[in-house]
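Asks: Sequence:
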Amino acid sequence: MRKLLIPLTAIIILACAGGGKEKMPDWVKRGPGAFPGDEGKYIYGVGVADWAGSVAMTYEKANHRARVELARAIKTYVAAMVKDFMESYPEYFTDEAKVHTSEYTMKISKEISEATLRGAVIIDHWPDEPKPGKPLYALARVEKGGGVDEWIKKHIQGLILKAKAEAALEELDKELKKVDLREKENIEKYLGVPMSK
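For what it's worth, the working numbering labels the leading residue of the sequence shown as 3, then goes sequentially.
It is possible that some hints are incorrect.
Here are the simulated DSSO-like pairs of lysine-lysine, each with C-alpha atoms no more than 30 Å apart in a straight line [unchecked claim]:
| no. | residue 1 | residue 2 |
| --- | --- | --- |
| 1 | Lys77 | Lys176 |
| 2 | Lys166 | Lys146 |
| 3 | Lys179 | Lys156 |
| 4 | Lys77 | Lys109 |
| 5 | Lys43 | Lys146 |
| 6 | Lys43 | Lys109 |
| 7 | Lys25 | Lys43 |
| 8 | Lys109 | Lys136 |
If you are wondering where the hints come from, they were derived from the structure by calculation, not from laboratory data.
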């Protein structure tokens, strides 16, 4: 009887302990890298929060931090797309336009992040129930096709138009300076007196 009681007690203790239900999900450790099959479909953000005094506040804090990480990921994604585009089509960009590109990229990133985060959802938490002394993790996700790529394309087109407009204005300015110089030379020739600068 004693031989049977010891294994039975061990089974009961393991069952009461949860039997490994609290196993840390892969996304807690690896973040977006935990979803290699989703590449190109979604952008992820992982937030973590310590106990904030109540279950609701702890959830809110972790969810907010996941959205902040998601916004950072979107900004990085946008900056990479704009940089790739500029490298692929350098003829569209003057040197001056290239100087302003980081400022424009930041503006695009902010607009895209704000618009896209409206479509972001918190898809998981770990552990399921926050407790004092144990951090709570939140996983946020947004679909790339759900507006991110469209926003980027729209704003890159705006960047191209701005770059072309700046190049056209520079060219116009050069032509006007040539016209002014010719007019000045003609007036000097007519008057026979050099004009002051």
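Asks: Would you mind marking each hint as holding or not holding in the structure?
Replies: Hint check results:
1. Lys77 x Lys176: The given pair, whose Cα atoms are some 37 Å apart, is violated under the 30 Å limit.
2. Lys166 x Lys146: 28 Å, holds
3. Lys179 x Lys156: 35 Å, violated
4. Lys77 x Lys109: OK: lysine 77 and lysine 109 at ~10 Å, within 30 Å.
5. Lys43 x Lys146: 5 Å, holds
6. Lys43 x Lys109: The hint holds at about 24 Å.
7. Lys25 x Lys43: Distance ~27 Å between lysine 25 and lysine 43 Cα, so the pair holds.
8. Lys109 x Lys136: This hinted pair is violated, its Cα atoms lying about 37 Å apart.
Hint check: violations occur at hints 1, 3 and 8; the rest are consistent with the structure.
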